[in-house]
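Protein chains in written order, with numbering that gives the first Met the number 0: chain Z, 0 to 250; chain D, 0 to 249.
Hints are computed from structural coordinates only; laboratory data are not their basis. There may be inaccurate statements among the hints.
[Said to hold, decoys possible] Distance ranges between label pairs, derived from CB positions:
| hint | chain 1 | residue 1 | chain 2 | residue 2 | range |
| --- | --- | --- | --- | --- | --- |
| 1 | D | V100 | Z | R211 | 43 to 53 Å |
| 2 | D | S4 | Z | P41 | 21 to 31 Å |
| 3 | D | V103 | Z | H193 | 32 to 42 Å |
| 4 | Z | R211 | D | F75 | 47 to 57 Å |
| 5 | D | L85 | Z | D67 | 25 to 35 Å |
| 6 | Z | S234 | D | M165 | 44 to 54 Å |
| 7 | D | V116 | Z | E129 | 44 to 54 Å |
| 8 | D | P88 | Z | D113 | 37 to 47 Å |
| 9 | Z | S61 | D | M165 | 48 to 58 Å |
| 10 | Z | E129 | D | L161 | 22 to 32 Å |
| 11 | Z | H193 | D | V100 | 43 to 53 Å |
Glycine included, each C-beta is placed from N, C-alpha and C at the ideal position.
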Amino acid sequence: MAAIAISKVSKSFPLDGKRSVLALSEVELNVAEGEFVALIGPSGCGKSTLLHLVAALDEVSSGSIRIDGEPPAVLREKHQLGIAFQEHALLPWLSVQANLALPYKIAGRPADRDHIAHVIRLVGLDGFEEARPRQLSGGMRQRAAIARSLCLDPRLLLLDEPFGALDAVTRHSMNLELQRIWEQKQITTMLVTHSVDEAIFLADRVVVMSARPGRVAEIIAIPFARPRDRACSRSEQFHQLADRLTSLLEP
Amino acid sequence: MGSSSPRRFAYGAAGVLLLLAAWELVGRSGAAGLTFPALSSVVGMYFDQRLAALLYRSARATAGSALEGLLLGGLFGSAAAFLTHLVSPLRPGLDRLAVTVNAVPAIALGPIFIVMVSRDLTPVLLATIPVFFIIYVAVTSGLRSTPTRLNEMMITFGAAKLQRLMYVELPYALPSFLSGVKVSVTSAMIGAIVGEWFGAPTGLGIVILNTMQNFQIPLMWATVLVTAAISLAGYGIVSLAEVITVRRFT
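Can you build the whole structure from these sequences, using the hints too?
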């Protein structure tokens, strides 16, 4: 699995001619191999921008990002990066199975039917292999998207608000599933989320970011043993952590 | 909708019949003058074997030119669009070239083609030019209609530009391409007919001109009706393909 070293990363976007807005300022963050890190922060704090930079979808203005000592684009070119967004990004004209075969096609490898079937079972979509995305519910689409991001056994998984569009109940059960999947694969994971509870429930460490410019305000280690269950998220300690994190998010 | 759609169809059919009946009446009464014949005398032209054969031959020539123009324009328009999409520095130049070519009136180009190429090919070329422009615009904007998140997904999976085009952007551009083709059908017909006016050996454009000059009014109307029918049929076929594609690709 991959380890990420983010050092002194700043990112500014040009507004018009001369002016620009600073989205990230001197961000320092190290993610260990096999670690699950959640990024939370007020909207506009640059947490999605940071994820985009790690995915090499955008370039840093200054500072550096290294994944296993190499620039982020290298991991991507080796097809070892998995990503899922708030909206599912499945191709609407392909079945679930064909959508999952897409990463193989991109990597120029024959689609591994057995592995696709395994991943589909892993996210609990068995029986829906032939369904098109619009025939699935929102939660199932997100599961399919996460399944697709796992197809090529990535060394790094980037999740940008993957459950942001789901209702609270579905979201919680998706959290349980994501935890189960993650425990089986132990992939280094960065999750961007708005939900304090989701961050605490899933992550080894929660990175709290502050807004304008985005910077790391605090990093909090989550002490709960895995697997975490509903009882854990109802415990007194969980609530105290959630309160503390929420207060950190308030301006 | 279900139950009301047969009724709507009936209203539509009644409206068309009413119009045709009005045409017949006005034509017979002569109220609109000598150049407005009754529908029955226009339709009668189709039952005259010699005239029917003439119309069939001409229609084939014109529809053939329009179709060739549609294919050529579609091919070159799409190819140019793919090229600007893959090699973005080419884009401003090709955009301007397409606009310039389109801004020149076909009427002005006709004589040049006659001199440079041939009388037979002028209808095809005049049909090609507007189609090229329409398809170029439709495909370039179609290729850009891919949602950002899908492009980002493809990039993070390590897809090359060509793979993005093949797997995502091309299917996304299909509906836009087909609505371009739909609009092109009429333009191709106009181009073919105008091209024939510069002296093609056969074609509906020739028949329209000759009948007008010889004052064969019913035959002229019959020819115009055939032209309209070909345009509408082409439009209808492409619309159907569009509906099916949109259903398949969304």
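Hint check:
For the hinted restraint 43 to 53 Å between V100 (chain D) and R211 (chain Z), the CB-CB distance of approximately 49 Å keeps it satisfied. A C-beta distance of roughly 52 Å is found between S4 (chain D) and P41 (chain Z), which places it outside the suggested range of 21 to 31 Å. Taking the beta carbon of each, V103 (chain D) and H193 (chain Z) are about 55 Å apart, not inside 32 to 42 Å as hinted. The hinted window of 47 to 57 Å between R211 (chain Z) and F75 (chain D) holds, with their beta carbons roughly 50 Å apart.
Taken as a hint, the range 25 to 35 Å holds for the pair L85 (chain D) and D67 (chain Z), whose Cβ atoms sit roughly 32 Å apart. A C-beta distance of roughly 51 Å is found between S234 (chain Z) and M165 (chain D), which places it inside the suggested range of 44 to 54 Å. Checked against the given bound of 44 to 54 Å, the beta carbons of V116 (chain D) and E129 (chain Z), roughly 53 Å apart, stay inside it. P88 (chain D) and D113 (chain Z) have their C-beta atoms about 45 Å apart, which keeps the hinted 37 to 47 Å range intact.
At about 36 Å, the CB distance of S61 (chain Z) to M165 (chain D) disagrees with the hint of 48 to 58 Å. For E129 (chain Z) and L161 (chain D), the Cβ-Cβ distance of about 28 Å falls inside the hinted range of 22 to 32 Å, so the restraint holds. Between H193 (chain Z) and V100 (chain D), the C-beta spacing of about 51 Å keeps the proposed range 43 to 53 Å intact.
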